[in-house]
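Participant: So you can see what is in the structure, the chains are spelled out below.
2 protein chains.
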Amino acid sequence: MLRVGAPHAAFAAMSTAFDSAAFRKALGSFATGVTIITCRGADGKPLGLTVNSFNSVSLNPPLVLWSLAHNSLSLAAFRAARYFAVHVLAADQEELSVRFARRGADKFAGLALETGIGELPLLTGCSARFQCRSAYQYEGGDHIIFLGEVLSFDRSDAPPLVFHGGRYAHATRRDPPGVRPRRSWLAGSFGEDFLGYLLGRSHFRFFAQIREFLRAEQLGDEEFYVLSTLTLKPLTSEEELKIGLAGVLDGEATRTLARLTERGYVRVAPVTAEDPGIFYELTDAGRACALRLISAAKAVEENVLEQLGAGEAPALKSLLNRLLAVIDPASGALWGNERERRP
Amino acid sequence: MLRVGAPHAAFAAMSTAFDSAAFRKALGSFATGVTIITCRGADGKPLGLTVNSFNSVSLNPPLVLWSLAHNSLSLAAFRAARYFAVHVLAADQEELSVRFARRGADKFAGLALETGIGELPLLTGCSARFQCRSAYQYEGGDHIIFLGEVLSFDRSDAPPLVFHGGRYAHATRRDPPGVRPRRSWLAGSFGEDFLGYLLGRSHFRFFAQIREFLRAEQLGDEEFYVLSTLTLKPLTSEEELKIGLAGVLDGEATRTLARLTERGYVRVAPVTAEDPGIFYELTDAGRACALRLISAAKAVEENVLEQLGAGEAPALKSLLNRLLAVIDPASGALWGNERERRP
Numbered sequence: 001m002l003r004v005g006a007p008h009a010a011f012a013a014m015s016t017a018f019d020s021a022a023f024r025k026a027l028g029s030f031a032t033g034v035t036i037i038t039c040r041g042a043d044g045k046p047l048g049l050t051v052n053s054f055n056s057v058s059l060n061p062p063l064v065l066w067s068l069a070h071n072s073l074s075l076a077a078f079r080a081a082r083y084f085a086v087h088v089l090a091a092d093q094e095e096l097s098v099r100f101a102r103r104g105a106d107k108f109a110g111l112a113l114e115t116g117i118g119e120l121p122l123l124t125g126c127s128a129r130f131q132c133r134s135a136y137q138y139e140g141g142d143h144i145i146f147l148g149e150v151l152s153f154d155r156s157d158a159p160p161l162v163f164h165g166g167r168y169a170h171a172t173r174r175d176p177p178g179v180r181p182r183r184s185w186l187a188g189s190f191g192e193d194f195l196g197y198l199l200g201r202s203h204f205r206f207f208a209q210i211r212e213f214l215r216a217e218q219l220g221d222e223e224f225y226v227l228s229t230l231t232l233k234p235l236t237s238e239e240e241l242k243i244g245l246a247g248v249l250d251g252e253a254t255r256t257l258a259r260l261t262e263r264g265y266v267r268v269a270p271v272t273a274e275d276p277g278i279f280y281e282l283t284d285a286g287r288a289c290a291l292r293l294i295s296a297a298k299a300v301e302e303n304v305l306e307q308l309g310a311g312e313a314p315a316l317k318s319l320l321n322r323l324l325a326v327i328d329p330a331s332g333a334l335w336g337n338e339r340e341r342r343p
Numbered sequence: 001m002l003r004v005g006a007p008h009a010a011f012a013a014m015s016t017a018f019d020s021a022a023f024r025k026a027l028g029s030f031a032t033g034v035t036i037i038t039c040r041g042a043d044g045k046p047l048g049l050t051v052n053s054f055n056s057v058s059l060n061p062p063l064v065l066w067s068l069a070h071n072s073l074s075l076a077a078f079r080a081a082r083y084f085a086v087h088v089l090a091a092d093q094e095e096l097s098v099r100f101a102r103r104g105a106d107k108f109a110g111l112a113l114e115t116g117i118g119e120l121p122l123l124t125g126c127s128a129r130f131q132c133r134s135a136y137q138y139e140g141g142d143h144i145i146f147l148g149e150v151l152s153f154d155r156s157d158a159p160p161l162v163f164h165g166g167r168y169a170h171a172t173r174r175d176p177p178g179v180r181p182r183r184s185w186l187a188g189s190f191g192e193d194f195l196g197y198l199l200g201r202s203h204f205r206f207f208a209q210i211r212e213f214l215r216a217e218q219l220g221d222e223e224f225y226v227l228s229t230l231t232l233k234p235l236t237s238e239e240e241l242k243i244g245l246a247g248v249l250d251g252e253a254t255r256t257l258a259r260l261t262e263r264g265y266v267r268v269a270p271v272t273a274e275d276p277g278i279f280y281e282l283t284d285a286g287r288a289c290a291l292r293l294i295s296a297a298k299a300v301e302e303n304v305l306e307q308l309g310a311g312e313a314p315a316l317k318s319l320l321n322r323l324l325a326v327i328d329p330a331s332g333a334l335w336g337n338e339r340e341r342r343p
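So the sequence lines, in the order shown, correspond to chains A and B.
Read left to right, the first sequence gives residues 1 to 343 (our numbering).
Read left to right, the second sequence gives residues 1 to 343 (our numbering).
Read the hints as simulated data drawn from the structure, not as lab findings.
On a predicted model such as this, the values are computed, not experimentally measured, just so you know.
Ideal Cβ placement from N, Cα and C applies to all residues, glycine included.
It cannot be assumed that every hint is accurate.
[Stated by the list, open to error] A few chain B residues that face chain A, going by a derived Cβ cut-off under 7 Å, partial list only:
#1 Asn60
#2 Tyr168
#3 Leu195
#4 Leu232
#5 Trp335
Just chain A, with the same shape it has in the complex:
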């Protein structure tokens, strides 16, 4: 193996005139994917580490590069290895990334491994894999730059794991620059990119697909909201319902509870000495009905998310959750097991 590069002394003359934490933070502005690089050690054991300094170099010949710190415990093994494998991690492999970023421990314990060229240990479920001949090693300050000639590769459509600003991130595709939101003819009015429009329309259109199942059960929107809320919190007071469903049920809570009680789906839970309040709970029939509807709603969700795409669904949910943290300080009222169901 050829090792070329500037003598290390040449770099030693340079000095970091600036704060290295700040430098690190500035470098973190550049988003990257996340890879795990593996090789087979001289003792036959698989080695691997999480690396985001990977990048492509050349198409013909096919070359990629990554770099490894001089003080890495795995340096000697990678310098000696004839082959290494680059695994570009998928969005759902964050735990794998964390595992291989730690020192020591048996990183491969319990993992399904495949065997590649020259006994390379190959991980599964990645976005892409490159099996490389270790072609060149260049000096790069406190790192060695490894160039690999790609001998074999494979890829999947799995969405990528992304690292940015020192944190893991989702990548979601942008609209092409030509796509502009529709605008009203009336200056000052809404455009199609108004968040309230997008949220309202998304909610109403999504809920419209669930509503047909409600109609089949002869239930209205409010009744579904109350039924499903009662599945979140086993014993719920009318006041909690009103807080949890503020802006949804306004003025209708009492009437909706009455209708559901009459229908035999909801009842007032027996009063106990310890907790003398009035709490509502689902009857067996109410619980069965709620679960039927929830199951139908989940099927609607699954179908919608499948069309939206595997990469976009978790990002959308995560962003909506973050939005709720901003606009919905009372969301806690809907959830919780603090009150035990009484027999």
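Assemble chain B onto chain A, guided by the hints.
Facilitator: This is chain B only, laid out in the frame that chain A set:
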């Protein structure tokens, strides 16, 4: 300038045994930020190109790298340049990225430039900038790898432009692995990550902030929906309103139009010979009221999005738009200028 590396002949012996389009696609699985690298040509003119093969190498000394194709028109200038600058692009700089990815033309025309070390042309508005001394050049197949010693850098909190799978992307932060959505105590019931819950709650909580302005105008939800829809389409039939607001207004369209007409906010547009249908339009008072409410709603939006963060807002909107493309085929009915307002 030291130039080191393997003799190029060593690479020539390698051959691409595989399809280079497929290889390119596999490389595209690794997400990257996007940079523009600039230098000053020997003739004093600024040069620049879009590059995503950038990565960090070393902290001490501070080194970064990127690579440039042998057949690039700018290669000679970059090989000769003593300094180069790396600009990590922000999410709103996609057009700049496209501009600097094209060959020829005066890429710098009309851009605000700053001047850096050694007369380096510096672009503004980036996520980070690194001014480098061109330290080493290594052979990398059909590319040259440039190593720069970072002499100076700056950064901002601007969210990044990301490239993945041959397309531009948003990066949005993931929830930390420890954060798990709340689950119902009842198996089979909803979790906090059910899309319908997230959409409904987001809509209702967002709308709750607008509702106070409606109340001040003594208007209900339905009346606001109709008023704002009439600002989207100048002349609207009752049928179009029903289609556009299906699932929102159900059964209330006629009554809501009547209430708004009585209030003097909506009227039936004069019938013309060319278009004898019955169309509703806003009166001057109705338009003024709608614009007051829309202005208040936009202020609510601005406040919410500011709290959500500059990087997340465009990603959320883009994802909701994509969701609507899946669940809302009829959204076109709400928009359009196909019918001219008559005097």
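Participant: Could you run down the list of hints and mark each one as holding or not?
Facilitator: The hints, checked one at a time:
| no. | hint | result |
| --- | --- | --- |
| 1 | Asn60 | holds (5 Å) |
| 2 | Tyr168 | holds (5 Å) |
| 3 | Leu195 | holds (5 Å) |
| 4 | Leu232 | holds (5 Å) |
| 5 | Trp335 | holds (5 Å) |
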